[in-house]
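J.: Below, each chain spelled out in residue letters.
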Amino acid sequence: MRSVISILDLSAEEINQLIATAKDIIAHPENYWDKCAHKKLATLFYEPSTRTRLSFEAAMLELGGSVLGFSEASSSSASKGESVADTSKILSCYADIIAMRHPQEGAPYVASRNATIPVINAGDGSHNHPTQTLADMLTISRELGRLENLTIGLCGDLKYGRTVHSLIEAMSRCGNIRFVLIAPKELKIPSFIRYNVLEKYHIPYTEVESLEEAMPQLDVLYMTRIQRERFDDPWEYERLKDTYILDTKKMELAKERMCVLHPLPRVNEISVQVDADPRAAYFRQALNGKYMRMALILKLLEEAKANPIREEIDTTDLEYDRVCTNPKCISRTEQELPQLFRCTDKAADIHRCIYCEQRA
Amino acid sequence: MRSVISILDLSAEEINQLIATAKDIIAHPENYWDKCAHKKLATLFYEPSTRTRLSFEAAMLELGGSVLGFSEASSSSASKGESVADTSKILSCYADIIAMRHPQEGAPYVASRNATIPVINAGDGSHNHPTQTLADMLTISRELGRLENLTIGLCGDLKYGRTVHSLIEAMSRCGNIRFVLIAPKELKIPSFIRYNVLEKYHIPYTEVESLEEAMPQLDVLYMTRIQRERFDDPWEYERLKDTYILDTKKMELAKERMCVLHPLPRVNEISVQVDADPRAAYFRQALNGKYMRMALILKLLEEAKANPIREEIDTTDLEYDRVCTNPKCISRTEQELPQLFRCTDKAADIHRCIYCEQRA
Amino acid sequence: MRSVISILDLSAEEINQLIATAKDIIAHPENYWDKCAHKKLATLFYEPSTRTRLSFEAAMLELGGSVLGFSEASSSSASKGESVADTSKILSCYADIIAMRHPQEGAPYVASRNATIPVINAGDGSHNHPTQTLADMLTISRELGRLENLTIGLCGDLKYGRTVHSLIEAMSRCGNIRFVLIAPKELKIPSFIRYNVLEKYHIPYTEVESLEEAMPQLDVLYMTRIQRERFDDPWEYERLKDTYILDTKKMELAKERMCVLHPLPRVNEISVQVDADPRAAYFRQALNGKYMRMALILKLLEEAKANPIREEIDTTDLEYDRVCTNPKCISRTEQELPQLFRCTDKAADIHRCIYCEQRA
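For the protein sequence lines, the chains are H, V and D, in the order given.
Be aware that the first sequence starts at 0, since it is given in numbering that gives the first Met the number 0, and climbs by one per residue.
Be aware that the second sequence starts at 0, since it is given in numbering that gives the first Met the number 0, and climbs by one per residue.
Be aware that the third sequence starts at 0, since it is given in numbering that gives the first Met the number 0, and climbs by one per residue.
Among the hints, erroneous ones may be present.
Chain copies aren't distinguished; within one or between two, either way the pair holds.
Think about it this way: if two alpha-carbon atoms lie no more than 25 Å apart in a straight line, the pair counts; the simulated SDA-like pairs of lysine to any residue are [stated by the list, open to error]:
#1 254 x 149
#2 88 x 273
#3 38 x 63
#4 38 x 216
#5 22 x 321
#6 88 x 247
#7 298 x 28
#8 327 x 80
#9 34 x 12
#10 249 x 335
#11 34 x 216
#12 34 x 185
#13 298 x 37
#14 254 x 337
#15 345 x 255
#16 184 x 37
#17 88 x 359
These aren't lab readings, by the way, just hints derived from the structure by calculation.
Please build the complete structure, drawing on both the sequences and the hints.
T.: What follows is the structure, given as structure tokens:
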């Protein structure tokens, strides 16, 4: 039995299989109507996220399963102080698979170490959101017919955007990918992506501040929202915000065959007028998210059936003598959870918290 | 493919067919157990309304379908600023039909212009609530055996009560209907109902302040709640409130064969002691609401199957140069939504917002 | 048709039958997959309780039924002032059985007197929680192989803990039971349990302040949480709290064959390290709760099918001239609900409110 907490929990080969399954579901939905009969998905959403939650629920229902859960922490036992570990153990009595959204980084990982059923991370803080990346990859594959030989522009908040980080990690394993990182200097890609992924695997990338400048070379444009709160200087926000709004005028600069993605919800970072452009793929991306979640639920339930024992983690090189300083890490609040670190780069002497992956 | 935003989206003939379907469901529920197998209803409730939401959910479940959605805005993407249009597009990926409740007038209409699946208005501000009217009409039909030749008393808040407005619109198309409008002067029927419906179609009506006076002539008494907040003068409220409370003593003045309706929830405008009176039909009305919602869901899904293309609106006579002043109109907040008006009465030069129908 | 508001609504014989049914479900779950096809459970939770709600929902889903409802009062018509009686009548139109959680004592009883479908009390204030007791009894039966000849330790808040009260009432009917009541003096067992159950039925019990002292003799240890708010003197709380925390050291004092129960959620009253002890039965208890709820739903639906008429209450000896002083009693807020008392002990001249059972 296995859980998916990070996109890297799935090999490139496994992602290709999930994409193939999703395409088969699209072609023959009726073949999957009873695949999860008598199975239950628990949607444990400690913060609201309608789109992601309903996508998981629709996925399970279209597989013939059913759904239970909660959509915000105030409706949950968490308001009575129950730990993520306990909730996961109890939910293992009520459901066959869990999709968990949590504002604290590492919470779904803690759940996966305590549940006796598979756990899917449906977003934890600004850490991971693997099923969004699966949706992104199916969309690129369906829109452009390939996952290799692509110039991918990532625009907006590249610092805190978990979907951007996961997409870089996943696409870096595909062949001949080049990234164009389009962001104001306040929101540039963080060092763990820069050094642990891009530099480490020799992925070519350029960094620019202007969306217009980047536009002509892109096969994929991945838009994200820039939040005012991210800026120290509000005038800097005012100066920049329009630069990162995609409108029909900027679309004129783009290739004829390319696609625009957005994890949604958007506020105003893509003009509504762009929606009519055939290259605007973000609503199809939402649909693709449902199909990839169906494929993932199927895969994890099949694995759990074949091998109901939880995969053990390798405890040999864990380090017990450090304390995580990330205020959003689950280890800050979870009852009796030991602080655990692991050396992720011996040459550079980098140690990371096993829950939130923040550097010690 | 068609949506139902106002009761007038359904012809009198179509309403009769829905009533016939509902009566067939009541007689043979088992014939409908699988009618919506593999279909999903999205209940998008931007404000709580337990009774209406659960009525829709029960309706879909009794048709063999399933349900997903949210029950208040704080659990939805709306709290992140997502537009109604975007939510409708995304939900079209997850469900087969939408029931939307929204505090802003015109929101379900905007949804219906963006969704690729049918939308049912489950109440928008004090604007429309068509499925309540369907429940009312089935109840009158079942209680009295007819929808013609009726004296209908409407009591309470006739100014803001959307269920009252919809019922007048719908019943005015039936034969030989007479209304008795029972309300304090602060809460009299608004002019758009008075002139656009009652006067226009020459429907006889009288206006009285006293429920006791009206009681003996009524075939139907439709009760609504009077809210303290509606009065400028709190003493006026205190003076009047008891006058509009229905109790067993007032019931003694009524015909032996008549029925009392109420959209529920009631607070204290009908004494609990009236519940035992066989003429008290308001709980049966709640049950009838479920059956009419079943009939409507069936009808709209069948139409969508036969013709999956969304009906286009007639754009020839739209007016683009006016601004809606209704603070509750969806056009006040929805991203990039154009202000649109239409002339509804050329003789009187009346122009109305196409979203909330408020006069320019 | 019958409802279950208190554990005493079920005879000892009926509880044994429910335990037998639950064990058969555990052995042959597939035999029950369609038992509640086309049936709907309404979960009416006026305050959040994730574990109980999801346990009921999982129970109904595993019987092939479906679920609708609300998970907190703000999403319900209660926020518009609808009475429990009215909500129960309306929900009877939408569902086949109700599970109700309510902060006010007696609310599920009021529901059961107005609904035309069975009502299960899922917890009302600090009054009753019968399905928790059913879970406790199945757990004792499965863990120890018997429900007789037991020394049962009850530890923590015995004054307000409704699960403790119900368990004493239920186990007192089994043969040769002895209780050890482990609590600080502020939180001792209330007089209605002491005199109406323990003394009345001559059940042997001892009262101690020390968990360590009690430990060696126990076959069952039932842990509950001690809340700071219950103490007049905060220093008294600080002095005592650790005494009532179960840890591995205290477990060393216990019998080799015994079991630890807890209604969950726990906060810190049981150390996480105890979880690995095979005698820690509290997570299996959560699973057992689901099976007992399945058995109870089945039983009540079968009874309702055989006899759809609501059992009438005996009104001959009701007393109309007293007023309930319990601020949490449903009779304090419910519209037009008559105050009703009944003499429960003629010798001692004790009269109790029929809703919350508080003494006049």
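J.: Each hint should be assessed against the structure and marked as holding or not.
T.: Hint check results:
1. In this assembly of identical chains, residue 254 and residue 149 lie within 25 Å of each other by CA distance solely inside one copy; the values are 13 Å within and 67 Å between copies.
2. Taking the shortest Cα distances, residue 88 and residue 273 sit within 25 Å of each other only across copies (14 Å), while inside one copy they are farther apart (46 Å).
3. Proximity of residue 38 and residue 63 under a CA criterion of 25 Å is satisfied in both settings, with 8 Å inside one chain copy and 11 Å between copies.
4. For the identical chains of this complex, residue 38 and residue 216 are neighbours neither inside a copy (46 Å) nor across copies (42 Å), given an alpha-carbon limit of 25 Å.
5. Proximity of residue 22 and residue 321 under a CA criterion of 25 Å is satisfied in neither setting, with 45 Å inside one chain copy and 47 Å between copies.
6. Proximity of residue 88 to residue 247 under the C-alpha cut-off of 25 Å is restricted to the inter-copy arrangement: shortest distance 20 Å between copies versus 50 Å within a copy.
7. When the C-alpha separation of residue 298 and residue 28 is checked against a cutoff of 25 Å, the pair qualifies both within a copy, at 16 Å, and between copies, at 24 Å.
8. Taking the closest pair of Cα atoms, residue 327 and residue 80 come within 25 Å of each other both inside a single copy (17 Å) and across two copies (24 Å).
9. In this assembly of identical chains, the alpha carbons of residue 34 and residue 12 lie at most 25 Å apart only when taken from the same copy (23 Å versus 40 Å across copies).
10. Only between protomers do residue 249 and residue 335 lie at most 25 Å apart by alpha-carbon distance; the minimum there is 18 Å, versus 52 Å within a single protomer.
11. In this assembly of identical chains, the alpha carbons of residue 34 and residue 216 never lie at most 25 Å apart, being 43 Å within a copy and 51 Å across copies at closest.
12. In this homomeric assembly, residue 34 and residue 185 never come within 25 Å of each other (Cα to Cα): the closest approach is 47 Å inside a single copy and 55 Å across copies.
13. For the homomeric pair residue 298 and residue 37, the shortest alpha-carbon distances inside one copy (16 Å) and between copies (21 Å) are both at most 25 Å.
14. Proximity of residue 254 and residue 337 under a CA criterion of 25 Å is satisfied in neither setting, with 51 Å inside one chain copy and 30 Å between copies.
15. Taking the shortest Cα distances, residue 345 and residue 255 never come within 25 Å of each other, neither inside one copy (46 Å) nor across copies (47 Å).
16. Taking the shortest Cα distances, residue 184 and residue 37 never come within 25 Å of each other, neither inside one copy (51 Å) nor across copies (49 Å).
17. For the identical chains of this complex, residue 88 and residue 359 are neighbours neither inside a copy (29 Å) nor across copies (43 Å), given an alpha-carbon limit of 25 Å.
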